Structure formats: structure tokens, C-alpha cells
Amino acid sequence: MTSNGKYALEARNLNIFYGNFRAVRNVSMQIESNKITALIGPSGCGKSTLLRSFNRMNDLVLGSRADGEVLYRGKNLYGKDVDPVEVRRRIGMVFQKPNPFPKSIFDNIAYGPRILGQRNKKILAEIVEKSLRQAALWDDVKDNLKKSGLALSGGQQQRLCIARTLAVEPEIILMDEPCSALDPIATLRIEELMRELKENYTIIIVTHNMQQAARVSDYTAFMLMGQERAGELIEFNQTDRIFTQPADSRTEDYITGRFG
Amino acid sequence: MSLPENTTQTTQFLPNEQQMKKNIRRRNRQAKFWQYVFLFSIILAMFSLLMLFFSIVRQAFTYVAIYDQVNPATLSDKPLEDLSKEELGNIIETYYTGIRTGRNDLRTIVFQDVLGLSINEQDSIADRERAKETVTVREIFEDKGKAYPSALAEQSIIRLQVADYAAIIEENLDQSGLYDFVIEKVVQPLIVDSWPIDQYLLDRDTIDAEIAEAEARLRVEKDDPTLEVSEPEFRSWIQWHLLTETIDLSRPEDAGLRTAIIGSIWMIALTILIALPLGVGAAIYLQEYSRGGPIARVIQTNIDNLAGVPSIIYGILGLALFVRALEKITSGSAFGLGAGGDTANGRTILSASLTMALLILPVIIINAQEAIRAVPDSLRQASYGLGATKWQTVWNHVLPNAMPGILTGTILAISRAFGETAVLVVVGSITRITVDPSGPFSRFTVLPLQIFALITQPQAQFRNVAAAGILLLLAILLSLNAAAVILRNRFSKRAV
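Listed in order, the protein sequences are those of chains C and E. Going from the first sequence to this note's numbering is simple: count from 1 and add 33. Going from the second sequence to this note's numbering is simple: count from 1 and add 355.
Here chain C stands alone, though its shape is the one from the complex (with noise of 0.2 Å):
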């Protein structure tokens, strides 16, 4: 999976409505390929609307409507002639909470190939073991692929998860606050995934924990409710800058501690 292009993303002017409340007012954001970019903010600020607005997932709200665009490799995403189920297998999503299916571990992963026309038992089981390789899950499960996956512990489901989302080979994955159900060393370990895993897949992540944006990310976009309690895009730049120069002092209280 080499990059293309410099950017694996672009928004451009992107509002996104539930009804009649707009949630994202005019983000315009260009996010790196094989990069970690990480989305931060207080609560209600918009940022996990926004990262599911990158996959199509908000389509799934009922009333949810995006105004602007969304460029992955120079074509709109809310273009009339996008078919949202391709989208989502380009651009994979690992959500808050663990939610693995109540199957097998083979199962979990095999559904994705599965459903999108891999019949071939041979490939399948290579599909398992290489996406369970990259989440390195691997070597904890590979003696039990039978065994449900809701019988593993908290990171280790995340990562099931992680393998089940890398089983449809996207090339973006979207992470809404994948360890906020997890124990530091638990999140550790899914820290130290992210960053092998940005060899071959650009990441985005919504994320409460500031250490973390700055442990893991490459840029951070700081987002803060605006007028009419929409989100808005405060200020968006490499991770250092913003946790050591950020140009805006809503970003700087944010980060110190002040409010959020």
C-alpha cells in the first residue's frame, strides 16, 4: 500500500447537520498519508462527527446530511455517484467500545473478506493470520481461533478489531477513542500498534487524552464548540507545534489544563 499523493485526505468547507443542528461548521483539513493525525477537543466539540463523516458512517444517523466536500484521491466522497459501502471498505473505522461479533475469533476477521467475495478457505485463513499478525494478536490467540470473540479481554477484542478492519486491506483507518475503554497497558500496546501501523495505512484518531495525541500523533487538529454550539476547527498543525507553540490561546488553555 504506497502512498499516493501527499494527502489521503482533504475536507473542504465540510458542515455536517443532524436535521436542522449543525454539528461541524467549515473544516477545511488536509490529512497526510501514513501519518497519525489525531483529532482533540472537550466533549460535544464535534471531533468524532467528523471523523465519521470521512467514512460515510454518519450516513447511518437518520437526518444526518454533509454540506462541502471530502476529497480521497481527488474524488468527493459525498459525490452523487459514491456508493458509501465502497467507501467504508477503503476507509476502515475501529470504534470506542471493543465490538467484536459474538463469533469466532476466525469469524471475526473472515466476515469482512467474506462479505465482499472471498470464498476461498486457503485465503481466508491466510487472510487471519497475517491480519491477526499485523494487530499482533497473533501469538496470544492462535492456538484457539475457534474460541468466541467476546471471550478475550478488553485490548485484546480492540485488537481484534484493529485485525478485523486491516482483513479488508482499507488504506485509511478512522479510530474514535479506541482506548478509552482500556487499561493503561492495554493502551500502550495499541499505541505502539498505531505507530507500526502507519508504515502502511494513514490513521486518524479521536482521542480525550492529550498525552496520548502527543505521544502517538504527527499533527493534531484542536476542535471547541463554536457559535450555535457548532464544532469548528480551531487550529490544526504538527503535534509539536501545537502542544509547544500553538498558535491560538483557546488551543493553548485547552492543552494546559485551563478547561475541557
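Wrong hints could be hidden among the right ones.
Capping the alpha-carbon separation at 27 Å, the derived lysine-lysine pairs in DSSO-like fashion look like this [claimed, not checked]:
| # | chain 1 | residue 1 | chain 2 | residue 2 |
| --- | --- | --- | --- | --- |
| 1 | C | Lys154 | C | Lys175 |
| 2 | C | Lys155 | C | Lys68 |
| 3 | C | Lys130 | C | Lys163 |
| 4 | C | Lys231 | C | Lys68 |
| 5 | C | Lys180 | C | Lys155 |
| 6 | E | Lys745 | C | Lys113 |
| 7 | E | Lys540 | E | Lys577 |
| 8 | E | Lys745 | C | Lys130 |
| 9 | C | Lys130 | C | Lys68 |
| 10 | E | Lys540 | C | Lys108 |
| 11 | E | Lys745 | C | Lys154 |
| 12 | C | Lys108 | C | Lys68 |
If you are wondering where the hints come from, they were derived from the structure by calculation, not from laboratory data. Bear in mind the structure is a predicted one, so any value in this text is a computation, not a measurement.
Please arrange chain E on chain C, whose structure you already have, making use of the hints.
This is chain E only, laid out in the frame that chain C set:
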């Protein structure tokens, strides 16, 4: 039991310690009171259930008094069970010679019970005989592999005499078989009266008086001063022939419920086949596809309300729609099928099942919706996140995880349909039918209706048959439910 007094601190906004101590007792008393109220309601419910069950069971297991229509003492000096084969054969011969239709009766017994000939086979024998052909005993008996006295080999099978038929029966049964035959066909014991088992245990005097009275009455009626009514003997009305025999409204001891059982099973099977896919489909659409617009809300409200509509109204709908308007389809005539000479019109199993499906559809939809709603959204999101389509998500995740709940709802709905009567009365089920339904286009009856027909019979013993029928109904219902529960548990296990 109380805590030591708090001397360092007095309460500020609460009542003082003394008052609180008092009201703690009052609050506990209140709690106890309600606990007993709830306990009482459970006891009451259990008691009613037990009474219900008891009142059925006591009718299904009774003591009966019997008298023999032909006194065995007049047949032989010895007790019947000690007689040899020849002596029993003689009794049969004598008895059937004595009655006018004896020869025909015996021939029917030989054809149906000994040879097991179908109606068609009997007709073809009669046709060949009418064409002056002789159908020999040898031909038919060797074809069926039954024994026959060699002297009769070349004779026409339908022109034998009473003695010949009796000899054939004697040839084919052993001593105990012949004894049973004599008891059933010759002695013909008849139940005079029946008493619930609890009455037998507690109130023998009344029973003895009633027996004596019945005996006196019968002696006058039959003009036989030696006639005897037996002592009360135990009889379970739950007998194998309930399953194998059809309804017989002349002899309660022989009445079976086969036609009704088959009718009920046909109806329920068809109803599930129609209602389950439709109901689950509707629920999936409403939960997963519908965008929740005003039309969807109207539909939803209607479904919720339909679940409470009295069943008789569904019956009237079924009568107008399926029995009358769609008669061509529901009678099967549109497909060239149907009951042929038997004019079922639209009053078929299909009509009943369609109506019943309408009746339970709201229940199934509502329960399925509930089950689908309970599937965690995270599973859907995970599936969509991998690039699954809506259908793939529904089929692979929503349905399997909702299945236990859907099945629970279906169990409830089926139980309701199984015991339903009002709908079927209107749609045109018949109670006095002795022909098994052969398919969706047959006329039919169902167990609850048959039970009702039995209870309304004047002869008291039919109530015993009805009680046995009710127990049978409960047993079938419970096994249906058990099957569904097992199925549900298998689904739940697979889901984890």
C-alpha cells in the same frame, strides 16, 4: 436492634432520632405489608392454576361402571377367558348367525380388520363379482399373506357363510385375540356412568346408590333380571385411540380426536409458514430500512393497535376476504385442486391459516421489532464499517442476534393461534367431521372446537373425553413450545 444513640451530633433537617426510630418501624411494616400482598397474589394465581388443572384431570381419570350388553353367562358356562379357540369361534358364529346383518358385518370385519383391504380393493372385488367372475379366497388371502381354512380356497370371497367367515377369523387370531374379539364385538361392554377419581375416593355411598339405581333401571329396560352392572373400575380416558380414531358421537369410549389433531397441526404449520416470514420481514423493514417518516409512524401505530383487536373481528374479515372473495384460490379450484366432490368452498384450512396468520401477525411483528431493536448498534456499525451492505448486515448480524427474541414472540403467537376458536367458527370449521384433512384445501376441524363439540353432547361421558382432549391439547402446546425453546436456546448459544 438499633444503633447506639449519636450523642455528638443532632439532626438538622430530619426528624429527631426518636421520631426516626418510630418511623423506621412503620416503614418496615409497610414494606412487609406489600411483600405479603404480592405473595398472596402469587399464591392465588398458583391456586387457580392448580384448580383448573385438577378440574380437568379429575374428569380425564375416572371410575366407571360397566354393564355387558350380552351377558357372558349366556354365552358359556365357563369364564370366557378359559375357553379354547374352537369354543370362542363357536360363540362368534352363534352370535352373528343370530343377528340379521351378521354375514355382512363379519365380511366387513374380515375385509377391513383381517385383510386390511382398502375401499378401492373392496370395490374392485365387488366389480369383478358383478361381472360374474369368481374372486377366490385363495387369491386374496395369498396376496395379503393371511391364513385361511384350506376347504374355502376356491370359494368366492364375498359369498361365504357366517360360519366360514368365523372360521377365517378363528384361523387368524390366537386365543387371547379371539377373547378380545368376543368381548369387543359380542359382549359389548357399555359404560353406564362415570365418576371423577376424587368422588370415588371420598363418596362411595353415592356411587353405589347410583349403580344400584342404574342396574334396576336397566333390568326393566332390557327385561333381563340377571343383568348386572359392574363394580366401579378405574378408567383413564387418555388412551391411544384418541390419536388414532376419529370422533364418534355415539360411543364416548371409542371417540377419538385424530381428525382434529391433524387439522390443528395443518392449520398451525400453514399459519407459521405464512405469518413468520411476513412478520419478520415487516419488522426488519420497519426497524432497519424505514426512515421513520409519517407513513411509517401511521403503520407502526396501526400494527400496535391491531394486536388488541378481538379475534372474532379477524374471523369476520377472514370470512369476507378469504372464504368468500378469494374462494377460487382458497378452495383450490383455481389450481384445479381441492376437495373434488366434497364442497368445501372457501372454508378450507388455507382460509383458516390465512386468517389466523393475520391474527398473529401484529404479535409477531411487535416482538420481532423488539428483538431487532435489542441488537446492539455496535454490531451494525462494525459490519457497515467493513463495507457490508444493509442486507449483509441484517442477514449476518441483526437476524441471528434477534432470532431468540423473534422465536419467543412466535411461541406466544402460536400458542394463541393453537387455542383460538372464535376465528375458526366464523371461517367455517366443522365439528362433526370424520375425514382427515388431506391438504390445505380440505375442510377441517381443530382440537378446541372438537372439545367444545364434545362438551355440548348430552351424554356425560363425552365430558371425560373432552377432558382427555384438553390434556392432549395442553401436551401438544407444551411440546410445541418446548421445541421452540430448544431452538431458541440453540440460537442464543450460537450467538455468544
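Tested hints:
1. C/Lys154 with C/Lys175: Roughly 17 Å separates the two Cα atoms, so the pair holds.
2. C/Lys155 with C/Lys68: 33 Å, violated
3. C/Lys130 with C/Lys163: 24 Å, holds
4. C/Lys231 with C/Lys68: At roughly 6 Å apart (the allowed maximum being 27 Å), lysine 68 of chain C and lysine 231 of chain C satisfy the hint.
5. C/Lys180 with C/Lys155: Status holds; Cα separation ~19 Å.
6. E/Lys745 with C/Lys113: The hint holds at about 19 Å.
7. E/Lys540 with E/Lys577: 19 Å, holds
8. E/Lys745 with C/Lys130: Holds. Lysine 745 of chain E to lysine 130 of chain C sits at ~22 Å (cutoff 27 Å).
9. C/Lys130 with C/Lys68: 23 Å, holds
10. E/Lys540 with C/Lys108: 92 Å, violated
11. E/Lys745 with C/Lys154: 24 Å, holds
12. C/Lys108 with C/Lys68: It holds: about 20 Å lies between the C-alpha atoms, which stays within 27 Å.
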